[in-house]
Each structure stands twice: as structure tokens, then as C-alpha cells.
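Undergrad: Protein sequence lines, in the order shown, are assigned to chains A and B.
Numbered per my numbering, the first sequence spans residues 1 to 120.
Numbered per my numbering, the second sequence spans residues 121 to 389.
In case anyone wonders, no lab produced these hints; they're calculated from the structure.
This one's a predicted model, so the numbers in the text were calculated from it and none came from an experiment.
From the three backbone atoms N, C-alpha and C, an ideal C-beta is built for every residue, glycine too.
Please note that a few of the clues may not be correct.
[Claimed, not checked] A short, non-exhaustive set of chain A residues, derived as facing chain B with CB atoms under 7 Å:
no. : residue
1   : L30
2   : M52
3   : E58
4   : V61
5   : Q81
6   : V84
7   : L88
8   : A91
9   : K97
10  : R99
11  : L102
12  : V105
13  : S108
14  : S111
15  : N115
16  : L116
[Unchecked claim] Here are some chain A residues the structure puts well away from chain B; computed CB gaps all over 10 Å:
no. : residue
17  : G23
18  : P24
19  : Q38
20  : A41
21  : N42
22  : A54
23  : T62
24  : E64
25  : S65
26  : L66
27  : R71
28  : Y72
29  : T95
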Amino acid sequence: MFSRVLPILVTGAFLTGCATDPGPKPDDQLASAQSALQSAANAGGEDTEPSMIAAAREKIVTAESLITEERYPEARRLLEQAEVDARLAEARAETQKVRDELGDVMASIDSLRRNLENQN
Amino acid sequence: MKRHYFGTVPVITVAALLSACASTPPENPALNETQAAYDEAMENPEIARNGLSHLRDAETALDRAETLHAEGGDEEALGHQLYLANRHLDLAREKAVRAGLQEELSEAERQRDDLRIRIGERRAQEAELQARMLREQMDRLQAEQTDRGMVMTLGDVLFDIDEAELKPAGERTVRKLSDFMQEYPSYRVRVEGYTDSTGEAAYNQELSLSRAQAVENELLSDGIEPGRVETQGFGEEYPKATNTTAAGRQENRRVEIVISDRDGNIGSR
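Bound-form chain A, shown alone:
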């Protein structure tokens, strides 16, 4: 009897392995996404790209609950997206800093020019 059941069990195990294997738990992706989000927030991304930051945060929250349900592939995708969202928000915040600084310098050029003209 055992010799009849064993191949079926093996085959069954093999098949379920193919169909439902959720792959590895996306711990690294979770860590990367969280660190990218933190870094974006530190750079002031919240001010420059509030909706992008909010989307990234929501994706991470959703991914975390997907992980508890062992729906790893979906979680991994959301985390990968959250990471690039956060990185883009950070990049835009950094650009905004340069833009602001440029605005300050232009303003000081204007006032220096007026100063110079008034001296004449």
C-alpha cells in the first residue's frame, strides 16, 4: 500500500511546490524600501513630493500585510515600486534644494545690482 501512495505523495508535493511556492520572503526588499523612504523623508521629500511619499508608504504597509499572508511575489513588487517611488521623491527634493538656493542667489544678485546702481 505504501509503495502505491508514495509516488502520488511525491508527485503531489512536487506539483504544489510548482503552483504555490511563494518564493523567498522579501525581507531585503522590505529593508531597502523602508530605508529609501526614510532617506526621502530626511531629504524633505514630504514637502516636495507629498503624494509620491504617501504612495510609497502605503505600498510598504500593504506589502507588510501581504507578507503576513505569505503572498511574497505581490509584496516584493510593491516593495520594489515603493523603493523607486521614494528614491524619485528624494531626487526631486534634492533638485528643489538646488532650485531654492539658485533663487536665493539670484535675489541677492538683484539686490547687489540695485546697490551698485544706487552708488553711481
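Assemble chain B onto chain A, guided by the hints.
TA: Then chain B, alone, in the frame of chain A:
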């Protein structure tokens, strides 16, 4: 499509192998758009220079998307790779924008520093001019540098003998001082009267004060505000010369006008 970058050869090979056994999959507009966007970014020298690592990431995602498309498989996985590819393209463009702004910023900073230097030079020139004009004024007043500051001396000959009346020559000299005070409104003066030691000390003190006040009145009649003039009579004190000779006594009979610094502070005895 003329992509010949990084790792495209294996993709093309895989795609060729796959298409050999499968029929060509239908067009995917989202994939085509991302491919076009990638090509455009690669052809932009600013993006290619500043966003190279992001372009590589975009290409990796795009390669995966193309493979998935060629396999005719998972739409969701394909969409995911396109999402990543587009974000990496955004990142590459962002780097180029920032690099451009940074160049503008450096140029603006250079301009600003240049203006600051020019303004500094202009201020130094102006200060030098002011100082020279002031020196010329002091020369006109024949003021001399002393411990108390610049001091202008009105000699005995500018007053009537034993009187506090200024002679016309004395008035003309005081006029030069009022001209100076009108031109430099922050300056103040203290008018100090002195006599020789002949006669009563009390009388001399009074005469010295009267002469100082005569000068003050002259300044006020020229329109100088009272608050800018002080007077003091020192009588026989602080002789400049000996009181034993006529020439010495004449030198001691005098009015000294101490000119303040530019903030109105007057050095005292």
C-alpha cells in the same frame, strides 16, 4: 528600434530563440512607449552623462519586460517591470535637471561674488574720497591734530581788545567752520576760551567764556543747531606760551574750537 546598449544582445538572442518557437506576440503600447522613452533619454547627452546608473537600471527592467512580453506571459509582472523602468528614467532625467541647475547656480554664485567685490571696491573708493575731502576741509579750517581731536585756533587778533566782539576777519573764519558743519551734520564742536594771566582770574574766566559764546552765537546765526555747539571758559588755565612776554601773552589769548569725531564725540581736557 536601434538599441545597442549594455546588455541587449542576450535579450535579443533570447527573444530570437523564443520567437523562433512561438508566434510573434501582439504589440504592447506601454512597452513601446517605455522603449521610446529609453531611447530618447539615451540620446540626450545631459541625461546620458548625469543619469548613467539610472539608465542602466532602466535598461535592466526594460530587458525583463521585453523578455516577459516575448514569452507572452504574466501581464502584471510586465507592468511591474515597465513601472520600474519608467521610474528609473524619471530618476535619470531628474539628475540631468539638477546638474543643469547646479551649473546655473555656480554661474550665479560667480556673478554674485563678482558684484560683491565690485561693491567693496566702490565703497573703499568712496570712503577714501570722503576721507580726502574731510582732510581738505580740516586744512581749510587750519585745524591741527591734538590729543582732543582736530583743534582750530582763533587768535587774539580776531577779537576786539579786551572785548568779546568778533572782528569781521574772525566772522569770516567762523563762517568756514559753519560751512564745514553744514556739510558734515554729524560733527559737533566745543568752543573753549582762554586768556593770559594779566588781571583778575575771575574776570579772565568770564572774558574767556564770553569770547567762546561770541563764537557760538556766530555759529548759531549761521544756522547751526544749538545742540551741536558747547562752550567753556578756561580763563588763565592751560597757557600755550609764557605769560612773561607780550608775544607769549598774545598767544595765550585765544579761542580753541575742538571738532568732534564723526559720531559727535568731543575729546575733553
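Undergrad: Next step is simple, just say for each hint if it's right about the structure.
TA: Here is how each hint holds up against the structure:
no.	hint	in the structure
1	L30	violated, 16 Å
2	M52	violated, 10 Å
3	E58	violated, 15 Å
4	V61	violated, 18 Å
5	Q81	holds, 6 Å
6	V84	holds, 4 Å
7	L88	holds, 5 Å
8	A91	holds, 4 Å
9	K97	violated, 9 Å
10	R99	holds, 6 Å
11	L102	holds, 5 Å
12	V105	holds, 4 Å
13	S108	holds, 6 Å
14	S111	violated, 9 Å
15	N115	holds, 6 Å
16	L116	holds, 6 Å
17	G23	holds, 12 Å
18	P24	holds, 16 Å
19	Q38	holds, 18 Å
20	A41	holds, 17 Å
21	N42	holds, 17 Å
22	A54	holds, 16 Å
23	T62	holds, 14 Å
24	E64	holds, 18 Å
25	S65	holds, 18 Å
26	L66	holds, 14 Å
27	R71	holds, 13 Å
28	Y72	holds, 14 Å
29	T95	violated, 4 Å
Of the numbered hints listed earlier, those contradicted by the structure are 1, 2, 3, 4, 9, 14, 29.
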